[in-house]
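Between the sequences and the hints, there should be enough to build the whole structure, so can you do that?
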Amino acid sequence: MQTKRRVFLKGSLAASAAGLAVGAGLLSPRAVLAAAADWPEAAFESESMDSALSELFGSGDVAESGDISVKAPDIAENGAVVPVTVESSIADSDRVAIFVSKNPTPLVASFDLSGAKPFVSTRIRMGETDNVTGVVHAGGKLYKASKEVKVTIGGCGG
Amino acid sequence: MSTIRMRISPAGDVLDVKALIRHPMESGNREDKSTGKKIPANFIQKLMVSVNGENVMDGNLSEAVSKNPYINIKVPGKKGDEVTIAWTSNTGESDEATQAA
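The listed protein sequences derive, respectively, from chains A and B.
If you're matching positions, the first sequence starts at 1 in the working numbering and goes up one per residue.
If you're matching positions, the second sequence starts at 1 in the working numbering and goes up one per residue.
The hints are simulated quantities; they were obtained by calculation from the structure and are not laboratory data.
Where hints are given, some of them may not hold.
Unchecked claim - Straight-line distance between alpha carbons at most 30 Å, and here's what the computed DSBU-like set of lysine-lysine pairs gives: (1) A:K117 <-> A:K150; (2) B:K67 <-> A:K71; (3) B:K18 <-> A:K150; (4) B:K18 <-> A:K102; (5) A:K150 <-> B:K38; (6) B:K74 <-> A:K117; (7) A:K150 <-> A:K102; (8) A:K150 <-> B:K67; (9) A:K147 <-> A:K71; (10) A:K144 <-> B:K67; (11) B:K79 <-> A:K71; (12) A:K71 <-> A:K150; (13) A:K117 <-> A:K102; (14) B:K37 <-> A:K102; (15) A:K117 <-> A:K147; (16) A:K102 <-> A:K147; (17) A:K117 <-> B:K67; (18) A:K102 <-> B:K67; (19) B:K74 <-> B:K18; (20) A:K71 <-> A:K102; (21) B:K74 <-> A:K141.
Unchecked claim - Here are some chain B residues pointing at chain A (derived, C-beta under 7 Å): (22) L20; (23) K46; (24) A64; (25) P76.
Note that CB positions come from ideal geometry on N, CA and C, so glycine has one too.
Following this line, the structure appears as structure tokens:
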């Protein structure tokens with residue numbers, strides 16, 4: 001345990017050195033700036049899941065699939081922090097997105113994979129009891145799976 | 001201090017990357033209770049991950065991702081490979097960190 005902590009601390013130090021280099025203009029974050037331009041704003045601002053899907057993938061045609069696993073707790077006491085894992089075993093899965101249909105804007109996050117495995121685990125906010133839906137784009141088609149999470153205290157407001 | 005902390009576990013030809021980013025992820029819906037004014041939105045929009053300089057994942061986040069985002073992904077690579085994580089926010093801030101597996 002102790003040694004692991006050491007390694008982790010060392011890693012953090014190295015990481016902060018890289019951050020400093022960026023700050024000092026030694027490393028130009030050009031790639032970072034270029035990529036920021038293509039954040040799919042229309043999809044994120046859509047207030048229904050259907051329109052968010054169409055904006056993001058160009059199609060709202062989604063098939064239920066047993067090859068996607070969505071892991072989340074049955075009951076979340078705090079909607080501000082709900083752990084969610086979406087994993088796909090469908091061949092050629094190249095995009096993974098997470099939706100919560102009753103949130104003010106249902107699209108939570110999307111991930112374009114160019115080598116990374118179709119596996120994403122993160123923590124999200126949920127306003128009320130709802131389904132968390134994982135949508136996977138594979139071979140030009142869309143697949144989804146959902147998991148219901150009961151939310152005791154919503155996580156959208158203050 | 002970098003805002004990005006990473007823990008990388010190599011398993012065969014896959015690197016399990018767990019990252020924790022220090023960021024408020026303000027949704028823009030919250031009010032400052034002392035002034036009654038809305039706290040402006042401030043959240044990470046783009047999250048880029050590369051291995052040895054090659055992009056492997058390009059993430060788009062919204063304000064519905066929890067404060068101090070935690071992300072666990074699996075990327076191709078082996079022990080010794082360098083994983084870089086970079087983010088930019090809606091306010092134009094950014095940070096980047098690189099760590100060897």
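Hint check, failures only: Structure breaks hint 22 only.
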